[in-house]
Structure formats: C-alpha cells, structure tokens
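Chemist: If you read the sequences in order, they're chains A and B.
Residues in the first sequence are numbered consecutively from 87, following my numbering.
Residues in the second sequence are numbered consecutively from 328, following my numbering.
Bear in mind the hints are in silico, worked out from the structure with no lab data behind them.
It cannot be assumed that every hint is accurate.
Claimed, not checked - To list a few chain A residues with every Cβ distance to chain B over 10 Å, as calculated:
id : residue
1  : G102
2  : S117
3  : Q130
4  : G138
5  : R141
6  : S151
Said to hold, decoys possible - Which stretches of chain B does chain A cover? Using the computed rule of at least three CB atoms under 8 Å from a CB of chain A, they are:
id : stretch
7  : 334-342
8  : 394-408
As the structure is a computational prediction, the values presented were derived from the model and not from experiment.
For glycine and all other residues, C-beta sits at the position ideal for the given N, C-alpha and C.
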Amino acid sequence: DSGVTQTPKHLITATGQRVTLRCSPRSGDLSVYWYQQSLDQGLQFLIQYYNGEERAKGNILERFSAQQFPDLHSELNLSSLELGDSALYFCASSKAQGGYEQYFGPGTRLTVT
Amino acid sequence: GENVEQHPSTLSVQEGDSAVIKCTYSDSASNYFPWYKQELGKRPQLIIDIRSNVGEKKDQRIAVTLNKTAKHFSLHITETQPEDSAVYFCAAKNSGGSNYKLTFGKGTLLTVNP
Numbered sequence: 087d088s089g090v091t092q093t094p095k096h097l098i099t100a101t102g103q104r105v106t107l108r109c110s111p112r113s114g115d116l117s118v119y120w121y122q123q124s125l126d127q128g129l130q131f132l133i134q135y136y137n138g139e140e141r142a143k144g145n146i147l148e149r150f151s152a153q154q155f156p157d158l159h160s161e162l163n164l165s166s167l168e169l170g171d172s173a174l175y176f177c178a179s180s181k182a183q184g185g186y187e188q189y190f191g192p193g194t195r196l197t198v199t
Numbered sequence: 328g329e330n331v332e333q334h335p336s337t338l339s340v341q342e343g344d345s346a347v348i349k350c351t352y353s354d355s356a357s358n359y360f361p362w363y364k365q366e367l368g369k370r371p372q373l374i375i376d377i378r379s380n381v382g383e384k385k386d387q388r389i390a391v392t393l394n395k396t397a398k399h400f401s402l403h404i405t406e407t408q409p410e411d412s413a414v415y416f417c418a419a420k421n422s423g424g425s426n427y428k429l430t431f432g433k434g435t436l437l438t439v440n441p
C-alpha cells in the first residue's frame, strides 16, 4: 500500500457524460500527478499540481481538467467522454515538486460505453 | 520532448536466472530514472531509482546502471523468483525548467518460470 488513495475503483459511464476522479496523496506529500494508462498508449502523464497550483502539463485533452484543493486532495474531471477515454487513471504523489519518487495510487478504471 | 525506448517487450526466464531490461532516452538533460513494477490490475510500484550523478545503485536482488554518455540505463534482477513476474516500466525525468513529468517506456512483461 503506497498511502495514495483513489476513488472510485471502477466507473462505467456513457459517451458524452462527465465524471470526476478523486485522489488523496500520501501524508506529507504536496505534489499530485495524474496519469492515463491504456494498452495502446502506455502510461501517459497528464498534469501535475503542487500545493494547489498547476506545475506541469502533459498530453491532457482540453475536455479534461484537474485541480488540487487546500487539503491537498485532487480531482480529475473528464467531460464529453468518448469511447477512447476508456483507460486506467492513476494519480501519484511526491513530497516535493521536482517529480522525484512518485508513489502511485490503486487507480480508477474508467469504461465508457 | 523526451522519448524512452524499452527492450525487450517480453522476457521469459527460469527461476534463479538473472533478468536484464534496457532503456534508452533521448534528452541528455534528463536526470532521474526510476523503475516501476506493475502486477496485473495493480498500481505501478516504485522499486528502484537512480539519479544522473550516480552510475549504479543496488537494493538486494535489484540493481540499476546508468550510462549517461550512451543515454541508456538498465534494470538487473538476480536470482529471479516467480513473484518477480510482472510488467516493468522504466522512466526518465527532465531536469529543465518546470518540466517535472516522467516519460515512461512501453514496458517489459517479465515471466519467471518455476
């Protein structure tokens, strides 16, 4: 157990819908990173927040957005969902903002039908 | 941007043998190279990492080597056990500016046969 928690574990929804994935970092960690894992694209970095502020952006679609709250938990919002958005979404956390020693949560499996 | 190539994509070994997985990276500014182990349906688990000012790091049966000149790094697992069976991912992180993202390789499926 890494200490990073994610909810929900599984999510099934229809195309065009919007969902919110939640992540709580390890105690003491200030950075949260979001990743998408699919069979064809592998593990792809989406976005990073550090102490409430956006720090780095990867290949995140405009339909996706994220935020980190004062209590340091983070939410990833996915809207206008398409079949191709079906994937495992992981968040990871680390103490500092530099990207070192990232510990992953258990992931949320999103299925878009 | 950074590009990480990982080989082989699959690796099958007998229990007790050694396993080696290799990765190359494209950006000479990358300075941090972690390895993750992911069992089926589970989270990626950080098993070892190395920074660019170090050439080798060991942790029990696992070691990582880094060749900055050639821009490649490798994971070595000795005395493999069936519980080592998993997908292993290498990654590289750039040190420049605010680029804190990890770029992952495509993964290596390691099977350890009893």
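Chemist: Under the constraints set out in the numbered hints, which ones does this structure not fulfil?
Modeler: 2, 3, 5, 7 and 8
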